[in-house]
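For the record, the sequence lines run as chains E and P.
The working numbering puts the first sequence at residues 13 to 261.
The working numbering puts the second sequence at residues 62 to 378.
Hints are not guaranteed to be accurate.
Stated by the list, open to error - Just the calculated beta-carbon pair ranges, DEER-fashion:
1. 178/P <-> 55/E: 45 to 53 Å
2. 107/E <-> 144/P: 27 to 35 Å
3. 195/E <-> 197/P: 39 to 47 Å
4. 13/E <-> 197/P: 53 to 61 Å
5. 372/P <-> 240/E: 35 to 43 Å
6. 312/P <-> 112/E: 43 to 51 Å
7. 378/P <-> 29/E: 57 to 65 Å
8. 29/E <-> 229/P: 55 to 63 Å
9. 195/E <-> 233/P: 19 to 27 Å
10. 25/E <-> 372/P: 56 to 64 Å
11. 332/P <-> 98/E: 51 to 59 Å
Bear in mind the hints are in silico, worked out from the structure with no lab data behind them.
Quick caveat, the model's predicted, so the values are computed rather than measured.
Ideal Cβ positions, reconstructed from N, Cα and C, are used throughout, including at glycine.
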Amino acid sequence: MKGLVLPILLVALAEGAARTFGIASDSLAAPSDIAAALAEALADGRLLLWSAQTVASALAGLAIGGGLGLVLGLLVGLSPATGRVLHLPIEFLRPIPSVALLPVALLGFGFGYRLEIAIVAFACFWPVLIIGSAAISGVERRLLEVGRVLRFGPLARIRKIVLPAALPRLFVAFRLAAGVSLIVAVTVEIALNPLGLGYAMMYAQETLRPALMFAVLVWVGLVGWAINALLLTAQRRLFGPAALVNAGP
Amino acid sequence: MVEMLMTRRAGLRAALGAAACGALAGRARAQARTKINLGYTATLGFTGAFVAKDRGMFAKHGLDVELTLIALNSNIPAALVGNSVQVGGPTPSVMLQANDGGLDLVVVAGCSGTDPTNTREGVMVGKGSGIKEPSDFVGKKVGVPGLGAFLHVLFRKWLTDKGVDYTKVNFVETPFTQSADVLRSGSIDAVITGDPFAGRILADGGSVAAPIYAAVPAGTPSIVYATTRDWALANPGAVKAFKAAIAEAVAFQEKDPVAARDSAGKFIKLPPDVLAAITPPPLQAEVTEAQMQAWVDMMSAQKMLQEKPDMSRLIIK
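Please take these sequences and the hints and turn them into a complete structure.
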């Protein structure tokens, strides 16, 4: 509850200022107008449609990028030689901001889900790869030796020993990537893609409806918060304190 | 060689298309409506397209047109080449730079042009800015909607005409929607903008320090409807139909500007009072080679183009 004091105070101050001095700007709106715009967009279903478009793109990108990141993370984590070969290309490609690929991706995919999913997948690939490979290479060597003694094949070793041992940290990687996926999806929509919450925000700004723009912004924050809360709960339920230690890369 | 092959292939496609049309004449006329996704930006310069869509001119000419708002004008060439939109409305500077970079875009029809008598909009300054003469811009920070954008090029031309070296002026990107706010906050000294923001700045006691539209002749294209050469060659009928529909829409707007504005309001959902306060730029369905050449000259003088474009191939006849 204490965490709510500051935001409520700030909103009350903004409302008071807007009512006292009036708003002489095309980019600001009073909190009460923002709330009204939010209620209206929720009531006529627009906000839910935009949310579905954004969340679907974010999740699909997360699944593809995270999946590929996990596969490569396994390779790099299990085979130091592969890690050494891939080190340079990974370190070269990783810093490229995913949105910098937008013009090229637009040529290849055109507007729509494919464009957005591709960019989100690129952004989600790296955290899963880096944290995943670190988690996998950090699996207790003795456990792997047990696997060898039991004469497990490589696939059985991955399935029965490596993945279960690395799972809590892989989940942390997945949770980080989920946060990235939403940010990138909304950014792609603001910059280019005529879909979802980001496009709605850009459209509201361009058509001088700042109240609606802020309403969508508040909603994006709520969606992000809800997804993170959901994943945190899942993490606690599934792994307990195991997921909270060694969470870094 | 590649170009020849592509042209030949496109020509073959067009010939096959024509043959198919001939064979299926009656049926085709009844059902075939060319689908066009049209990329536009949030400006009333696109009123011709809004009217043509809303008042049925596109449909009458056998076109099934959808409109997609694109946030940045400079993204339109990529959207055209990626076939996300088949026709788009780049500014001539964006289109010529895209072609200079290796794309092959062609003008289908005119969209909107400049009006030298427009002194309400342009480079605006706040009250007490101290900018009175063109030379006062030296060392000042001026907001432009995009570096290299149409209005930026126009302002540099205006400065050059007045004998001012534009390299001594600092340009920063400032979106239209924020122009009144940033000027008021004092973070820039002047800003290039248009209505309704120009109206806000005038109401604040600001003024137009550079009426940049006077720097070029009336009707200099500010936006053109463009497509890729491949698409234009493959769809010659649609290209003609598009231009005819736009010409009818322009005539409609001249006769009934209020109804035309109502149509525009359906695509640019501005608050009604704001929409009523904006005068759309002059619309024009025609663009001439000489008008595009004027752009090429302006941009070449500002070292924005590496090569001389082939003007005879730029506009689809």
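Checklist entry - Taking 39 to 47 Å as the hint, is the beta-carbon distance of residue 195/E and residue 197/P inside that range? => result holds, 43 Å
Checklist entry - Taking the beta carbons of residue 29/E and residue 229/P, is their distance inside 55 to 63 Å? => result Taking Cβ atoms as reference, residue 29/E and residue 229/P lie about 40 Å apart, which means the hint is violated.
Item to check | Satisfaction of the hinted span 53 to 61 Å by the C-beta atoms belonging to residue 13/E and residue 197/P | outcome: For residue 197/P against residue 13/E, whose Cβ atoms are near 57 Å apart, the range 53 to 61 Å holds.
Next on the checklist: Can you tell me whether the CB distance of residue 107/E to residue 144/P sits inside 27 to 35 Å?
Outcome noted: 31 Å Cβ-Cβ, so the 27 to 35 Å window holds.
Next on the checklist: For the hint 19 to 27 Å, verify it against the beta carbon of residue 195/E and that of residue 233/P.
Outcome noted: Given about 26 Å between the Cβ atoms, the range holds.
Checklist entry - Taking the CB of residue 372/P and the CB of residue 240/E, does the distance hold inside 35 to 43 Å? => result violated, 56 Å
Checklist entry - Is 57 to 65 Å right for how far apart the beta carbons of residue 378/P and residue 29/E are? => result Between residue 378/P and residue 29/E, where Cβ atoms are some 59 Å apart, the hint holds.
Item to check | Outcome for the supplied range 51 to 59 Å, where the beta carbon pair is residue 332/P and residue 98/E | outcome: holds, 54 Å
Checklist entry - Do the beta carbons of residue 312/P and residue 112/E sit within 43 to 51 Å of each other? => result holds, 44 Å
Checklist entry - Taking the CB of residue 25/E and the CB of residue 372/P, does the distance hold inside 56 to 64 Å? => result holds, 59 Å
Checklist entry - Between residue 178/P and residue 55/E, is the Cβ distance one that fits in 45 to 53 Å? => result holds, 46 Å
Of the numbered hints given earlier, the model fails hints 5, 8; all others are met.
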